[in-house]
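Number of protein chains: 2
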Amino acid sequence: MPYSGREIHLAARPKGEPQLTDFRLVEADVADPQDGEIVVRNLVMSVDPYMRGRMNDAKSYVPPFKLDEALGGGAVGEVVASRAEGFAEGDVVLHDRGWREYAKVPAQYAVKVDTQLAPASRYLGVLGMPGLTAYVGLLDVAGLRDGDVVFVSGAAGAVGSIVGQIAKLRGHTVIGSAGSPEKVAHLKDDLGFDAAFDYHDGHPVKLLREAAPDGIDVYFDNVGGDHLEAAIDSAKNGARFALCGAISAYNATEPPPGPRNMFLCVGKRLRLQGFIVSDHFDRQPAFVEEVGAWLRDGKIVARETVVEGGVEAAPQAFIDLLRGANTGKMVVQIAS
Amino acid sequence: MPYSGREIHLAARPKGEPQLTDFRLVEADVADPQDGEIVVRNLVMSVDPYMRGRMNDAKSYVPPFKLDEALGGGAVGEVVASRAEGFAEGDVVLHDRGWREYAKVPAQYAVKVDTQLAPASRYLGVLGMPGLTAYVGLLDVAGLRDGDVVFVSGAAGAVGSIVGQIAKLRGHTVIGSAGSPEKVAHLKDDLGFDAAFDYHDGHPVKLLREAAPDGIDVYFDNVGGDHLEAAIDSAKNGARFALCGAISAYNATEPPPGPRNMFLCVGKRLRLQGFIVSDHFDRQPAFVEEVGAWLRDGKIVARETVVEGGVEAAPQAFIDLLRGANTGKMVVQIAS
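Chains as they are written, first to last, in this note's numbering: chain P, 1110 to 1445; chain E, 1110 to 1445.
In short, the hints are calculated from the structure, not lab data. C-beta: ideal position from N, C-alpha, C; glycine also. It is possible that some hints are incorrect.
Unchecked claim - Here chain E is said to cover these stretches of chain P; the calculated rule only asks that three of the stretch's residues, wherever they fall, bring their Cβ under 8 Å from a Cβ of chain E: (1) 1192 to 1200; (2) 1344 to 1354; (3) 1360 to 1371.
This is chain P alone, in the form it adopts within the complex (with noise of 0.2 Å):
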């Protein structure tokens, strides 16, 4: 018996900010599963600033979307036919065909998740891929060491508010940028950071002077441009900057303005270090052990915006996340 359900296929390549006409929503069957395959009828899934990146049709660290093929990425959903060991139906998996209702999964790219521990949606979240990215770029790329001062961009993000809260629970003075009043009240109120700024009141370079007097020590950076800037002018000598995304220039169709001032890397010892996090999956036990235990005890606040109406609405919500319109991890709920 196979299953129809609908998809959203990448019409075109966004030129600039994506337009709903890159999309398109498409009927498709799934045929049964064949063995090792399981067939899942998806609940939640993702939206991530690194996916317009796969819009485009060019070589980075992971393969471009095909043209007039589903989309795909982090989704959650309920197993409903399964040819492979260790799967049953109604088993809840992780796995990486979003946007769209039905999936048909190879069993090494699924991994069973327990909704009475957490909602769905977290796996997806926290206690998922920006969670470990928030936990690995702060501790290990960074190497957040006793008495560092933290500034993180994007920090009312699915990443950035994670990194701002393990750094505040390790006892850190902590710094985040966002793009809205409500964003930084959010930070400051329920996030306990010890200062915030909404980008638009100036130039990041003085916003942060203004809120990190004596310097930072460690920059995680999701945004670049001239919050990198900001970063290496207020850097103490020695400070290690973690490379994980640059939403700044994803929509840009000129190459954007980078940092005036990198020179003072020079002086001041900087080590700047990019880096993705499928190359550190083996630091996953760590983290959930740490992290989940934070969520399990309610001392991380993890924010989500979900948008309702059903796969249809993953464009949308899509286009809305890299304008900023998330407070949190954004997911579409496919299903109940």
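For chain P, the structure is supplied; the task is to place chain E on it using the hints.
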């Protein structure tokens, strides 16, 4: 008996490119040494790009030069009076009081050198601070590994020429950039570089793509600006950059444009690490053993640009250095 000599004072802080009027030649008496001091008659002094930064009134890793006082920097001279244990008249010493004919030097800032082993100027170049900078930056900061393809900018300069030759002696493919056809020929014909380009021939991004079609693993940056953009562009995954200097920015009166492709650092997992040689003096013994042996065996070519004309020639020499007039280490002969 005091010593009478001439010295170069900083008359004004340069705006942009230094002018001769920013310097002043002054007659000065040097008093007899006190306990723990020596008086040195300088033979040869160094001009180095980093001195440009010290001419600004800006906080940096070394304090700014003071107006209406003698400039300073590496010099080698002969002891003419000593009240310090271990130093006798006739000893030749390396110290930090250049830009003058006679210098009174606290003994702890002087180190004896052997001019039988190598001429005095060598201790300002290949066997001195520039050589150690090359050694530490390439091996420790960039972490040179077997098989790495190395790109060095300012490759015909005091530091860059040693970087390239150390990499070649260790069996690497080496690409260099320089500022004239003569320098490019020197890199290829005399120093054994595998490829080299004159950055006046086009945008460095394009020139480096042609010179290193398979990409680079290590970049030793003496230039900054569009050279850094080129290195990011051609970097392979996991490439490491040693950020040593940014001569393209030193005379800038406006902040120079930064690399427009910093976002590539994420997907390529690049590491950019600034460094200052004075943090690495513990590597001096290993450096002297390895590089000293190569120099002795004639395996390293260390061309010098020696400016005659005495201490009064130093300001023009420094201006010319920033314009790239030198090949290899530039020194000013003060006396013989």
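Now for the hints, and whether the structure bears them out:
no.: 1; hint: 1192 to 1200; verdict: violated (count 0)
no.: 2; hint: 1344 to 1354; verdict: holds (count 4)
no.: 3; hint: 1360 to 1371; verdict: holds (count 8)
The structure fails hint 1 only (numbered hints given earlier).
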